[in-house]
Amino acid sequence: MTQETYESDIITFLTNNILAEGVVVTPQTVLRETGIDSYSIVEIILFIERQYNYVMPDHLLKSENFVTVATIAALLNNRQIH
Amino acid sequence: MQLFSTTGKFIKKRYNHRGPSPPDSSIMTFLPKKIYLNGSDCFHLMLEKSRELTREGNNQFYLCVQLQTREALETIEQTVQQSPLLDWIANIRLINPQIGVPFFRYMNQGNTLTVRHHENFTEQFPAQLLNDTLSLKNNSFFRIDAYSFNGKQYLLLTFHHVLFDGKGAGMMLQHLTGQLPVDNTTFSSLFPQQLKWKNPLRQWQNLIRVKKQVEQTNKAETAYLEVKNNRETGFGMTSHLFSEEETAFIRENAIKNGVRFGLNFFQVACIAKAFRTVLTETDSQWVPIPYNGRKRGVPGAIISNHTSFIFHRLNVTPETSLREIAVQLQQQMNEQLKCGLPEKYNDLLQLMRFFPAWFNHLVTTQSSKGKIASFLYSSTEAGEKENTELVKQQWILPPFSYPPGFTVNFYTYHNRLNFHIVFSRKHVDSEQINTFKTTLIHLLTQK
Numbered sequence: 001m002t003q004e005t006y007e008s009d010i011i012t013f014l015t016n017n018i019l020a021e022g023v024v025v026t027p028q029t030v031l032r033e034t035g036i037d038s039y040s041i042v043e044i045i046l047f048i049e050r051q052y053n054y055v056m057p058d059h060l061l062k063s064e065n066f067v068t069v070a071t072i073a074a075l076l077n078n079r080q081i082h
Numbered sequence: 001m002q003l004f005s006t007t008g009k010f011i012k013k014r015y016n017h018r019g020p021s022p023p024d025s026s027i028m029t030f031l032p033k034k035i036y037l038n039g040s041d042c043f044h045l046m047l048e049k050s051r052e053l054t055r056e057g058n059n060q061f062y063l064c065v066q067l068q069t070r071e072a073l074e075t076i077e078q079t080v081q082q083s084p085l086l087d088w089i090a091n092i093r094l095i096n097p098q099i100g101v102p103f104f105r106y107m108n109q110g111n112t113l114t115v116r117h118h119e120n121f122t123e124q125f126p127a128q129l130l131n132d133t134l135s136l137k138n139n140s141f142f143r144i145d146a147y148s149f150n151g152k153q154y155l156l157l158t159f160h161h162v163l164f165d166g167k168g169a170g171m172m173l174q175h176l177t178g179q180l181p182v183d184n185t186t187f188s189s190l191f192p193q194q195l196k197w198k199n200p201l202r203q204w205q206n207l208i209r210v211k212k213q214v215e216q217t218n219k220a221e222t223a224y225l226e227v228k229n230n231r232e233t234g235f236g237m238t239s240h241l242f243s244e245e246e247t248a249f250i251r252e253n254a255i256k257n258g259v260r261f262g263l264n265f266f267q268v269a270c271i272a273k274a275f276r277t278v279l280t281e282t283d284s285q286w287v288p289i290p291y292n293g294r295k296r297g298v299p300g301a302i303i304s305n306h307t308s309f310i311f312h313r314l315n316v317t318p319e320t321s322l323r324e325i326a327v328q329l330q331q332q333m334n335e336q337l338k339c340g341l342p343e344k345y346n347d348l349l350q351l352m353r354f355f356p357a358w359f360n361h362l363v364t365t366q367s368s369k370g371k372i373a374s375f376l377y378s379s380t381e382a383g384e385k386e387n388t389e390l391v392k393q394q395w396i397l398p399p400f401s402y403p404p405g406f407t408v409n410f411y412t413y414h415n416r417l418n419f420h421i422v423f424s425r426k427h428v429d430s431e432q433i434n435t436f437k438t439t440l441i442h443l444l445t446q447k
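Taken in sequence, the protein lines are chains E and V. According to the numbering used here, the residues represented by the first sequence are 1 to 82, in order. According to the numbering used here, the residues represented by the second sequence are 1 to 447, in order.
Any given hint might turn out to be false.
Sample of chain V residues at the chain E side, in silico, Cβ under 8 Å [stated by the list, open to error]:
{"#": "1", "residue": "N199"}
{"#": "2", "residue": "P200"}
{"#": "3", "residue": "R202"}
{"#": "4", "residue": "N264"}
{"#": "5", "residue": "N292"}
{"#": "6", "residue": "R296"}
{"#": "7", "residue": "M333"}
{"#": "8", "residue": "K338"}
List of simulated lysine-lysine pairs, DSS-like, C-alpha gap at most 30 Å [unchecked claim]:
{"#": "9", "chain 1": "V", "residue 1": "K211", "chain 2": "V", "residue 2": "K338"}
{"#": "10", "chain 1": "V", "residue 1": "K196", "chain 2": "V", "residue 2": "K211"}
{"#": "11", "chain 1": "E", "residue 1": "K62", "chain 2": "V", "residue 2": "K385"}
{"#": "12", "chain 1": "V", "residue 1": "K426", "chain 2": "V", "residue 2": "K196"}
{"#": "13", "chain 1": "V", "residue 1": "K152", "chain 2": "V", "residue 2": "K385"}
{"#": "14", "chain 1": "E", "residue 1": "K62", "chain 2": "V", "residue 2": "K219"}
{"#": "15", "chain 1": "V", "residue 1": "K447", "chain 2": "E", "residue 2": "K62"}
{"#": "16", "chain 1": "V", "residue 1": "K137", "chain 2": "V", "residue 2": "K426"}
{"#": "17", "chain 1": "V", "residue 1": "K437", "chain 2": "V", "residue 2": "K256"}
{"#": "18", "chain 1": "V", "residue 1": "K338", "chain 2": "V", "residue 2": "K198"}
{"#": "19", "chain 1": "E", "residue 1": "K62", "chain 2": "V", "residue 2": "K256"}
{"#": "20", "chain 1": "V", "residue 1": "K295", "chain 2": "V", "residue 2": "K228"}
{"#": "21", "chain 1": "V", "residue 1": "K33", "chain 2": "V", "residue 2": "K137"}
{"#": "22", "chain 1": "V", "residue 1": "K219", "chain 2": "V", "residue 2": "K426"}
{"#": "23", "chain 1": "V", "residue 1": "K152", "chain 2": "E", "residue 2": "K62"}
What the hints contain is simulated information worked out from the structure, not anything from laboratory work. Quick caveat: nothing in here was measured; it's all calculated off a predicted structure. Where a beta carbon is used, it is the ideal one built from N, C-alpha and C, also for glycine.
Construct the entire structure; sequences and hints are all you get.
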């Protein structure tokens, strides 16, 4: 899977489950600015766990890794590389 | 997921004001004629019934605002006079039939909502105003009081919980301070949207799932506050405001204790630990934690309650560490979010709409033996759109909820954390509350 695929999956999840109708998010949108709070971040982490069967290690659970969809997708992409 | 219902019928407003400065009628404003209460609103109607029966506490909460200057009050008063939203609130009636779903009806009777001015108070949060109960019978849902304390100008906004939740209260302040303008393009989004139809069979399945979760978490041997002094009546309140440096330290402390996103679980862990250490001798606690049910990315509705809950059963002994409590909270939240429990809980609440409040009260108190929680907790962080030119500091004061008669509310504004504790004097005395407060501050800030 590519970084773009991860980004697309996460954006689809956000659009269907977290965000109000008509709210547009790009990979570079700062999630906090769209009202995404700590509970929503946890929901994203749980989605990743379900979707990719990947439990994110404790040391990656830092707020700077969850600033945008792109930073989250990069975590998943780097996991493949390593 | 749309949780909130209206008929979707809007009427074009005809202004009929007796006040000096009516809302700007040049704006084409459309006001909802009828808004049905959602399940969460009906839960608060049930709490109102409980309040009537126990004659304890209230079902209103407060936003206390310290203004930057006295002139700021004039700016806010202008908004109050001109706001179509406040005009709507001043002219609605709660229709609560024995059979059928309760609703708010807009009457357009020309009532106006004004700021009540008071002389100096000797308390920052004046008991006289806090104990002045908003009456559903009088269709009184929102009040604004202005007063000074220590030479500083304050506003106290009082919200009836049947019409507002904490997030809506924050948005109301944004509206009053000009950060959330109301015009014909945004107005309808401030009201709840029409409820989407759901399969009744699925709703009943969800009800059973939530009932099971509640029974599992709220089983026997749960820590509740015992009545210690029947002679004492009423509620007490105490608060604390942390500095910016202390708030930053508490954030670091949360991370050190394994809490990664936000302060919520660290705050709850500290309360649970202090509750066990100071107020009870039982190790098991039942703690429902509010979960914001609003969709993100838009201001969302100011009107009506949008809060769901996640239920936690915590095992807290005097030796349990904050990190261990945080892990329990995190694991239980993950399990419940995975199976969509907050949404299922809302389905359960939606059923409350079809029964009268006395019936809901009867069923709820039978199933939970009259207990609501070991303690109540809520937390809010002011948004990015706060008007710091007008507002210097703000505090949310929680309702005097009874039962359980013990609520802790955290609020962050301008990078400063504050908390409020409200407690029933029947259950907790002054010495205990002082020890609890000191312990809570120590746990939050200990190195």
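Cross-check of the supplied hints:
For N199(V), the shortest C-beta to C-beta distance to chain E is roughly 19 Å, which exceeds 8 Å, and the interface hint is violated. For P200(V), the interface hint is violated, since its Cβ never comes within 8 Å of a Cβ in chain E; the closest pair sits about 23 Å apart. For R202(V), the suggested interface contact is broken, since its CB lies about 17 Å from the closest CB of chain E, more than 8 Å. Taking 8 Å as the C-beta cut-off, the interface hint given for N264(V) holds, the closest approach to chain E being about 6 Å.
With a cut of 8 Å, the hint placing N292(V) at the interface with chain E holds, because the nearest CB-to-CB distance is about 7 Å. Taking 8 Å as the C-beta cut-off, the interface hint given for R296(V) holds, the closest approach to chain E being about 4 Å. Annotation: interface hint on M333(V) holds; nearest CB of chain E at approximately 7 Å, less than 8 Å. About 6 Å separates the beta-carbon of K338(V) from the nearest beta-carbon of chain E, less than 8 Å, and the hint is met.
Our distance criterion of 30 Å between C-alpha atoms is met by K211(V) and K338(V), whose separation comes to about 17 Å. Restraint check for K196(V) and K211(V): satisfied, since their Cα atoms lie roughly 23 Å apart, inside the 30 Å limit. For a cut-off of 30 Å, the pair hint linking K62(E) to K385(V) stands: about 25 Å separates their Cα positions. A threshold of 30 Å between alpha carbons decides the hint, and for K426(V) with K196(V) the separation of about 43 Å lies outside it, so the pair is violated.
Distance hint between K152(V) and K385(V) is fulfilled; the C-alpha atoms sit about 23 Å from each other, no more than 30 Å. For the hint pairing K62(E) with K219(V), the CA-to-CA distance comes to about 35 Å; that exceeds 30 Å, so the pair is violated. The hinted pair formed by K447(V) and K62(E) meets the criterion: a straight-line CA distance of about 21 Å does not exceed 30 Å. The hinted pair formed by K137(V) and K426(V) meets the criterion: a straight-line CA distance of about 27 Å does not exceed 30 Å.
A C-alpha spacing of about 22 Å is found between K437(V) and K256(V), which places the hinted pair at or below 30 Å, so the restraint holds. For the hint pairing K338(V) with K198(V), the CA-to-CA distance comes to about 20 Å; that is within 30 Å, so the pair holds. Taken as a hint, the K62(E) and K256(V) pair is honoured in the structure, with Cα atoms around 12 Å apart against an allowance of 30 Å. In summary, the hint linking K295(V) to K228(V) is not supported, as the alpha carbons are separated by about 43 Å, beyond the 30 Å threshold.
Only pairs whose Cα atoms come within 30 Å are accepted, and K33(V) paired with K137(V) is accepted, the gap being roughly 20 Å. A C-alpha spacing of about 24 Å is found between K219(V) and K426(V), which places the hinted pair at or below 30 Å, so the restraint holds. In summary, the hint linking K152(V) to K62(E) is not supported, as the alpha carbons are separated by about 40 Å, beyond the 30 Å threshold.
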